[in-house]
Amino acid sequence: MEKSIIKIILAIMLFCGVSLIASSIKIGALVSATGPASFIGDPELKTLKLYVKKINEAGGVNGQKIELVYYDTGANPRKAVSFTKRLISQDKVVAIIGPSTTGETMAIIPFIQRKKIPLLSMGGGIPIIKPVKKWVFKIVATDRMACQKIMGYMKKKGITKIGMISGSGGFGKSMRKQCKDVAPSYGIKILADETYGKKDADMTSQLIKIKNIPGIQAVLNPGFGQGPAIVTKNYRQLKIPYPLYESHGVASKKYIEIAGKAAENVIVVAPPVVVADKLSDNNPLKKVCMSYTKEYKKAYHSDIASFGGHAYDSLYAIVSVIKSEHSTNPKKIRDGLEKLKNFVGIDGIANMSSKDHLGLNPKTGLVLLKVKNGDWSIIEE
Amino acid sequence: MNELFQLILSGITVGFIYALVGMGFTVIYNSSGIINFSQGEFVMAGGMSAVFLLKAGMPFWLAFSLSILITAILGIVLWKLIDLSKERSVISMIILTLGYSIALRGLAEVIFDKELHTLPSFVGDGAFEIYGATLTYQALLVIFISIIIVLFLYIFFKKTKTGKAMMATSDNIDSAKLMGIDIKKILMLNFAISAIIASIGGLLLAPITSTNYEIGIMLGLKGFSAAVIGGLSQPFGAVVGGLILGISESLVAGYISSEYKDAVAFVALLGILFFMPGGIFSNLKAKRI
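Protein chains in written order, with the numbering used here: chain X, -8 to 372; chain V, 3 to 291.
By construction, these hints were calculated from the structure, which means they are not laboratory data. Just so you know, even glycine gets a beta-carbon here, dropped at the ideal spot from N, CA and C. Careful: at least some of the hints might be erroneous.
Unchecked claim - No farther apart than 27 Å at their CA atoms in a straight line, the calculated lysine-lysine pairs in the DSSO-like style are these: (1) X:LYS288 x V:LYS116; (2) X:LYS277 x X:LYS44; (3) X:LYS190 x X:LYS202; (4) V:LYS116 x X:LYS252; (5) X:LYS278 x X:LYS56; (6) X:LYS164 x V:LYS116; (7) X:LYS289 x X:LYS37; (8) X:LYS289 x V:LYS116; (9) X:LYS164 x X:LYS202; (10) X:LYS322 x X:LYS83; (11) X:LYS83 x X:LYS124; (12) V:LYS116 x X:LYS70; (13) X:LYS244 x V:LYS57; (14) X:LYS164 x X:LYS244; (15) V:LYS57 x X:LYS363; (16) X:LYS189 x V:LYS116; (17) X:LYS288 x V:LYS57; (18) V:LYS116 x X:LYS244; (19) X:LYS277 x X:LYS330; (20) V:LYS57 x X:LYS289; (21) X:LYS277 x X:LYS314; (22) V:LYS57 x X:LYS37.
Stated by the list, open to error - Simulated restraints on C-beta separations: (23) X:SER176 x V:PHE154: 57 to 63 Å; (24) V:ILE96 x X:ASN53: 56 to 62 Å; (25) X:LYS230 x V:SER87: 49 to 55 Å; (26) X:PRO118 x V:ILE113: 33 to 39 Å; (27) X:GLN104 x V:PHE130: 56 to 62 Å; (28) V:PHE154 x X:LYS361: 44 to 50 Å; (29) V:ILE75 x X:HIS292: 27 to 33 Å; (30) V:ILE75 x X:LYS288: 34 to 40 Å; (31) X:ILE370 x V:PRO122: 25 to 31 Å; (32) V:ILE282 x X:SER73: 43 to 49 Å; (33) X:LYS230 x V:ILE150: 29 to 35 Å; (34) V:PRO122 x X:LYS148: 33 to 39 Å; (35) X:PRO68 x V:ASP85: 38 to 44 Å; (36) V:PHE130 x X:LYS168: 37 to 43 Å.
Based on the provided sequences and hints, a complete structural model is requested.
Structure (structure tokens):
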């Protein structure tokens, strides 16, 4: 009896010893793999798993393997907070990727700031990095940048008066606000500002209102999910003659599939990875976008969703900093992230500084697409 | 004028979408007094299984009939679960349907996927133009089939022996038993019929709204509201309820503000529940409690 106890103790000690020798770099991740934001979190988690495996198969980082510790938050801020606590105090991760949404990120920021662990959020909202928070970064194109890209193009086309119809979910709400914010600086007047619910089955009422306002030259529809596809169908049904602009919320083949013929000639702002193979050869993002698209398809037999790119960029930013700083100390990683220069990711080229924890500019991070014959064609890179 | 006409047409389209879902509620409520909260999930199951059967390479007719069959089986399984439960109160049965809906949603998420899908429209993508207002072919099909279902249910309940047995069961379960009606079989048939109506809805609505694993939440809620406004006990009431909801939503969005659209629909629902707790047809028929 006693002997067996000693054996067990010995075995435990041995086990601990082994795990000490082969100590790995623990990186935490918070993703909404299920629940209302699963369309964002699911490709993110798949991307993280795929590339952590790839990095480890190639020998890890500085000779150490990466261990991904992830939790599914279900897009619930309260869960995000408790998982953050667990990641930091129990799992002792050196950096955290995520959460997937802006709301969850804002909920965990106070705790992150107190515990001094670097965070690379995958949320799209501006408040995450404005004002700058010492431990919080993100390499994700914001909805403000999408508005700037679209309105810059409108200005070039001589469009000064537009109508807006926005989804009333988090995505549509935030982008609607940002677009209204940046419109004056492009000399654009918003003559109609309609909304629709996530649950609506028909948007003709709102669109008729827009159709009957004199002077409108284009319609912009920030929104996500089935809403924009219904808007597009109703738009064609009512034969509204102005060009229709859609947000990056619909930048996937799924949108063309669901809206069908109605999607023809719709202009969509999108992250470059959506059209990786169509980017011009001198686009610095082409290589990374192409390889990501290929690897993802090979591993999961499905098309990429642009959100996965956020996870790829966040993971590789941390890895490149650990390499350049030769350290896994959270403080060192933070300092390294702040010095990140010319980091070529899927979402764009990031240049961080102590004043800018986003580091992307709309020139490299987004492209404008037009739907032609059921496929994307690039109209502005 | 033109605008008003289009708004009303839009309202009618949406109204019949709600009605198509709402009718399923009335069939089950009518016979058992249970409000089946997985009605929306039946709609989802019909649409989603058709999407994936088509993807698997099946021809149209087979995919559609199989998906209707699958949904009917789901309805029967729900009835079996209710039948097996030891707690016989209506409230606990309603909670059971709620749990079933969550389970179906979760299963769909795992078996199918989380993405949006659409079905090809049977009648093409075009639209009729009437005095400058438009109505899509698919919307017209929804209206047409809804009316057929209402007529079918009317004839079924009033003219056939099985239908009459169902009405008898709903009126007085004990005397129905004494008259030799097989209550369990009747109720099972009821759940199957209601699931079949829902799956037809799922097939018809997918080309309009597109479908995914959680589309049932939205359709179920609006369909339930339509059924409640119509008094819960008549398929025809669900159509009228759906139209009241759809047209009021459309007019508010068109003339006041799209922000208030849902609020007005709920105020309409509250108002009707407050002044006519049995729905707008309460005085036409003895109501069940």
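Hint check results:
Between LYS288 of chain X and LYS116 of chain V the CA atoms are separated by roughly 17 Å; this keeps the pair inside 27 Å, and the hint holds. Using a Cα cut-off of 27 Å, the hinted pair LYS277 of chain X and LYS44 of chain X holds, with the two alpha carbons roughly 23 Å apart. The hinted pair formed by LYS190 of chain X and LYS202 of chain X meets the criterion: a straight-line CA distance of about 23 Å does not exceed 27 Å. For a cut-off of 27 Å, the pair hint linking LYS116 of chain V to LYS252 of chain X stands: about 23 Å separates their Cα positions.
Distance check on the hinted pair: LYS278 of chain X and LYS56 of chain X sit about 25 Å apart at the alpha-carbon level, within 27 Å; holds. As the CA atoms of LYS164 of chain X and LYS116 of chain V are separated by approximately 23 Å, the hinted pair is consistent with the 27 Å bound. Between LYS289 of chain X and LYS37 of chain X the alpha-carbon distance is near 12 Å, which keeps this suggested pair within the 27 Å criterion. At roughly 20 Å between alpha-carbon atoms, LYS289 of chain X and LYS116 of chain V fall within 27 Å of each other, so this suggested pair holds.
Taken as a hint, the LYS164 of chain X and LYS202 of chain X pair is honoured in the structure, with Cα atoms around 22 Å apart against an allowance of 27 Å. Between LYS322 of chain X and LYS83 of chain X, the direct Cα distance comes to roughly 14 Å. Compliance with the 27 Å bound is thereby established for this hinted pair. Between LYS83 of chain X and LYS124 of chain X, the direct Cα distance comes to roughly 21 Å. Compliance with the 27 Å bound is thereby established for this hinted pair. Annotation: proposed proximity of LYS116 of chain V to LYS70 of chain X holds, straight-line Cα distance about 21 Å (limit 27 Å).
The hinted pair formed by LYS244 of chain X and LYS57 of chain V meets the criterion: a straight-line CA distance of about 16 Å does not exceed 27 Å. Straight-line distance between C-alpha atoms of LYS164 of chain X and LYS244 of chain X comes to about 23 Å, which keeps the hinted pair within the 27 Å bound. Simply put, LYS57 of chain V and LYS363 of chain X have alpha-carbon atoms about 24 Å apart, close enough for the 27 Å limit, and the pair holds. Distance restraint check for LYS189 of chain X and LYS116 of chain V: the Cα-Cα separation of roughly 16 Å lies within the 27 Å cut-off, and the hinted pair is therefore satisfied.
Distance hint between LYS288 of chain X and LYS57 of chain V is fulfilled; the C-alpha atoms sit about 19 Å from each other, no more than 27 Å. Restraint check: the Cα-Cα separation between LYS116 of chain V and LYS244 of chain X comes to about 15 Å, which is no more than 27 Å; the hinted pair holds. With a C-alpha separation of about 24 Å, the suggested pairing of LYS277 of chain X with LYS330 of chain X holds against the 27 Å cut-off. As the CA atoms of LYS57 of chain V and LYS289 of chain X are separated by approximately 20 Å, the hinted pair is consistent with the 27 Å bound.
The straight-line distance between the Cα atoms of LYS277 of chain X and LYS314 of chain X is roughly 24 Å, inside the 27 Å bound, and the hint therefore holds. Taken as a hint, the LYS57 of chain V and LYS37 of chain X pair is honoured in the structure, with Cα atoms around 23 Å apart against an allowance of 27 Å. One distance hint, 57 to 63 Å for the beta-carbon pair SER176 of chain X and PHE154 of chain V, holds here, with the actual separation near 60 Å. A hinted range of 56 to 62 Å holds for the C-beta pair ILE96 of chain V and ASN53 of chain X, which are about 59 Å apart.
Distance hint check for LYS230 of chain X and SER87 of chain V: the Cβ-Cβ separation is about 54 Å, which falls inside the suggested range of 49 to 55 Å. Between PRO118 of chain X and ILE113 of chain V the CB atoms are about 38 Å apart, so this pair conforms to the stated range of 33 to 39 Å. For GLN104 of chain X and PHE130 of chain V, the Cβ-Cβ distance of about 60 Å falls inside the hinted range of 56 to 62 Å, so the restraint holds. The supplied range of 44 to 50 Å is met by PHE154 of chain V and LYS361 of chain X, whose beta-carbon atoms lie about 47 Å from each other.
Our hint of 27 to 33 Å for ILE75 of chain V and HIS292 of chain X holds, since their Cβ atoms are close to 29 Å apart. Range check, ILE75 of chain V to LYS288 of chain X: Cβ separation about 35 Å, and the 34 to 40 Å hint holds. Remark: the range hint 25 to 31 Å for ILE370 of chain X to PRO122 of chain V is upheld by a beta-carbon distance near 29 Å. Checked against the hint of 43 to 49 Å, the C-beta distance between ILE282 of chain V and SER73 of chain X comes to roughly 48 Å, which is consistent with it.
For LYS230 of chain X and ILE150 of chain V, the Cβ-Cβ distance of about 30 Å falls inside the hinted range of 29 to 35 Å, so the restraint holds. A hinted range of 33 to 39 Å for the beta carbons of PRO122 of chain V and LYS148 of chain X is consistent with their spacing of about 34 Å. Between PRO68 of chain X and ASP85 of chain V the beta carbons are some 41 Å apart, a value that agrees with the proposed interval 38 to 44 Å. Evaluation of the 37 to 43 Å hint for PHE130 of chain V and LYS168 of chain X yields a pass: the beta carbon distance comes to about 38 Å.
Of the hints listed earlier, there is not a single one the structure fails to meet.
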